[in-house]
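S.K.: Fit chain E to the known structure of chain L by using the hints.
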Amino acid sequence: MNVALTDSQTSLAPRRSFAGMAWRRFLRHKLAVIGAVTISLIVLMALFAPLIAPYDPNHVDIMLAREGPSPDHLFGLDVVGRDILSRMIYGTRVSLSVGLVAVSIYVVIGLILGAMAGYFGGWVDMIISRLVDAVLSFPVLMLILVIVGALGPSIFNIMLVLGLLGWPEVARIVRGQTLAVREELYVTASEAAGAGAKRIIIKDILPNIMSPIIVNATFGVARAILMEAGLSFLGMGVQPPTASWGNMLTDAQSLSTLESMPWMWVPPGMMIFIATVAINFVGDGLRDALDPKMN
Amino acid sequence: MTRENEKNDPLLVIRGLTTVFKTDLGFVRAVDGLDLKAYRGETLGVVGESGCGKSTVGMSIMGLIPNPPGKIAGGEIVFEGTDLTRLSNKEMRRVRGNKISMIFQEPMTSLNPVLKVGDLMSEVISLHQNISRGEAREKSVEALRMVGIPSPAIRVNDYPHEMSGGMRQRVMIALAISCNPSLLIADEPTTALDVTIQAQILRLLNQIKEMTGTAIILVTHDLGVIAENTQQVAVMYAGKMVEYAETGSLFDEPLHPYTNGLLLAVPRLGSKEREKRRLNVIPGAVPNLLNLPVGCRFAERCEDVMEKCRAAEPDLVDLGGNHLVRCWKYGR
Numbered sequence: 001m002n003v004a005l006t007d008s009q010t011s012l013a014p015r016r017s018f019a020g021m022a023w024r025r026f027l028r029h030k031l032a033v034i035g036a037v038t039i040s041l042i043v044l045m046a047l048f049a050p051l052i053a054p055y056d057p058n059h060v061d062i063m064l065a066r067e068g069p070s071p072d073h074l075f076g077l078d079v080v081g082r083d084i085l086s087r088m089i090y091g092t093r094v095s096l097s098v099g100l101v102a103v104s105i106y107v108v109i110g111l112i113l114g115a116m117a118g119y120f121g122g123w124v125d126m127i128i129s130r131l132v133d134a135v136l137s138f139p140v141l142m143l144i145l146v147i148v149g150a151l152g153p154s155i156f157n158i159m160l161v162l163g164l165l166g167w168p169e170v171a172r173i174v175r176g177q178t179l180a181v182r183e184e185l186y187v188t189a190s191e192a193a194g195a196g197a198k199r200i201i202i203k204d205i206l207p208n209i210m211s212p213i214i215v216n217a218t219f220g221v222a223r224a225i226l227m228e229a230g231l232s233f234l235g236m237g238v239q240p241p242t243a244s245w246g247n248m249l250t251d252a253q254s255l256s257t258l259e260s261m262p263w264m265w266v267p268p269g270m271m272i273f274i275a276t277v278a279i280n281f282v283g284d285g286l287r288d289a290l291d292p293k294m295n
Numbered sequence: 296m297t298r299e300n301e302k303n304d305p306l307l308v309i310r311g312l313t314t315v316f317k318t319d320l321g322f323v324r325a326v327d328g329l330d331l332k333a334y335r336g337e338t339l340g341v342v343g344e345s346g347c348g349k350s351t352v353g354m355s356i357m358g359l360i361p362n363p364p365g366k367i368a369g370g371e372i373v374f375e376g377t378d379l380t381r382l383s384n385k386e387m388r389r390v391r392g393n394k395i396s397m398i399f400q401e402p403m404t405s406l407n408p409v410l411k412v413g414d415l416m417s418e419v420i421s422l423h424q425n426i427s428r429g430e431a432r433e434k435s436v437e438a439l440r441m442v443g444i445p446s447p448a449i450r451v452n453d454y455p456h457e458m459s460g461g462m463r464q465r466v467m468i469a470l471a472i473s474c475n476p477s478l479l480i481a482d483e484p485t486t487a488l489d490v491t492i493q494a495q496i497l498r499l500l501n502q503i504k505e506m507t508g509t510a511i512i513l514v515t516h517d518l519g520v521i522a523e524n525t526q527q528v529a530v531m532y533a534g535k536m537v538e539y540a541e542t543g544s545l546f547d548e549p550l551h552p553y554t555n556g557l558l559l560a561v562p563r564l565g566s567k568e569r570e571k572r573r574l575n576v577i578p579g580a581v582p583n584l585l586n587l588p589v590g591c592r593f594a595e596r597c598e599d600v601m602e603k604c605r606a607a608e609p610d611l612v613d614l615g616g617n618h619l620v621r622c623w624k625y626g627r
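Line order of the protein sequences matches chains L and E.
The first sequence maps to residues 1 to 295 in this note's numbering.
The second sequence maps to residues 296 to 627 in this note's numbering.
Be careful, since some hints might not be right.
Below, in silico cross-link-like pairs of lysine-lysine (DSBU-like), each with a Cα-Cα straight-line distance of 30 Å or less [claimed, not checked]:
{"id": "1", "chain 1": "E", "residue 1": "411", "chain 2": "L", "residue 2": "198"}
{"id": "2", "chain 1": "L", "residue 1": "198", "chain 2": "E", "residue 2": "317"}
{"id": "3", "chain 1": "E", "residue 1": "434", "chain 2": "L", "residue 2": "198"}
{"id": "4", "chain 1": "E", "residue 1": "385", "chain 2": "L", "residue 2": "203"}
{"id": "5", "chain 1": "E", "residue 1": "385", "chain 2": "L", "residue 2": "198"}
{"id": "6", "chain 1": "E", "residue 1": "504", "chain 2": "E", "residue 2": "394"}
{"id": "7", "chain 1": "E", "residue 1": "411", "chain 2": "L", "residue 2": "203"}
{"id": "8", "chain 1": "E", "residue 1": "434", "chain 2": "L", "residue 2": "203"}
Quick caveat, the hints were computed from the structure, so don't treat them as lab data.
Same shape as in the complex, but just chain L (with noise of 0.2 Å):
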């Protein structure tokens, strides 16, 4: 009786795990509510874009070109008269895959580099560290129409290349996190276990250091997204007829377009515009949320 009594008092117990205390943190976070829902909703529109597409994206109807928004086209026709929206929502699972890609490329980059130079430190740490530094050093935007100029321009170099340009930033996140955890009690605890690095890395200190890294992560996801539309605006991203928010921007380099035809580059350029702002709002939150000096 006694056993059973103090086991339920042990289960019911109130538990407020980290997770839990961040979760409510967040949702204190108006914007970054906001901004979650929106993503959530695009994510949706990515996922079911032939559903709710009303049109073909590459249906190419000449006779129409450059038509206003009407009823049977909410957002117009572009030059050659393919339906705007239906381009915009496809364009959706472009600009998300490559911010996705791109950012757990260099993520994962990052966190071997970072956690490798911390952790074991001296010539190791050397090379990583000047390495990130050479990285760094470069203008990145020359450095990506090189790269994307020599490898020839399509979604999957873009990817490849926002993915491995990117992971200077949180290898020095992960390598300062590092240093500062490897000092904790917990890793000596470990060690003396008997433990090896790999094990000690991947159990004790990454999962220790993941909140600015997510964080970092976010703010990377909308960064990968502009750096797309930049690039395939400059006509080194995503080729057409693939539509992608960045190369529909493209017709709005004449100046005619720019001037008369909104319809043609506004949509894209919310589209980017709502994307970029919702998940830094998600990333402002999140980084209060597992900030544990808050509360």
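M.R.: Leaving out everything else, chain E in the frame of chain L:
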């Protein structure tokens, strides 16, 4: 020899252990030519004030001296017939947590905050034993039960922050004994805990020793802990062992002036001398390890200092009855 245990081979023999740390100002010998033995089923106390090298002894045995700046510069640590200082890091990893375990001073920070206690323990168990996750989990629950955690089957799902300091130290002990080590190094295991919990933890360590025959090396600055929980004591001062004895004879008849000073500095409840007695203080401070005196390291603070003491360092003298002391007062 008087000790019946002398018939048993010692589990751990340390000979001439010297551990140095490189600093900007030169090399510091944190442990300098230490000889020690630990026997199965007995507790060896290592006592001394802050900075005397007592924790470095534990970390040297574990092979966890951070390198750089530290390294074992000489001597051997023979454990079950193998010299641990010669093992590769990979071989050493198989010893740590398996044959030799360690408990730390700060239970509040020695458990990874993001892992549930059960996951942490299964993790360590599966490092050393080739068993399934389910079995590892059962073993964790069993180890938690052994260290007296109430309702262990529920508690394995707790995060460390859901436990008190005493509970966490029990978890640390459970973790340390989960692979049935033959040597347990407890580095100030009770310093961060309040007195009642201290007593419980020490009793638990003694129970474990009796049940499993594990040898324990208890590193502490607390002579009260030494008196009640150890069979032999090594008193360290400035990196050297100054006295070694059976615990009883050390307290009955402390030989080294430093040991004597330490014992007089301990407050005692209900001592015979009822009149107000000021606690004894050892004057001065520990010598700078970078700039050690030529003679005895304790000479500057010693009440019985002689000319000889400042001229040359005394050797350890065996006075029989397993009592060794490093002082010019006792011959040679």
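S.K.: Please go over all the hints and tell whether each is borne out by the structure.
M.R.: A quick look at each hint next to the structure:
no., hint, result
1, E:411 x L:198, "20 Å, holds"
2, L:198 x E:317, "27 Å, holds"
3, E:434 x L:198, "24 Å, holds"
4, E:385 x L:203, "19 Å, holds"
5, E:385 x L:198, "12 Å, holds"
6, E:504 x E:394, "14 Å, holds"
7, E:411 x L:203, "12 Å, holds"
8, E:434 x L:203, "20 Å, holds"
Checked against the numbered hints given earlier, the structure satisfies every one of them.
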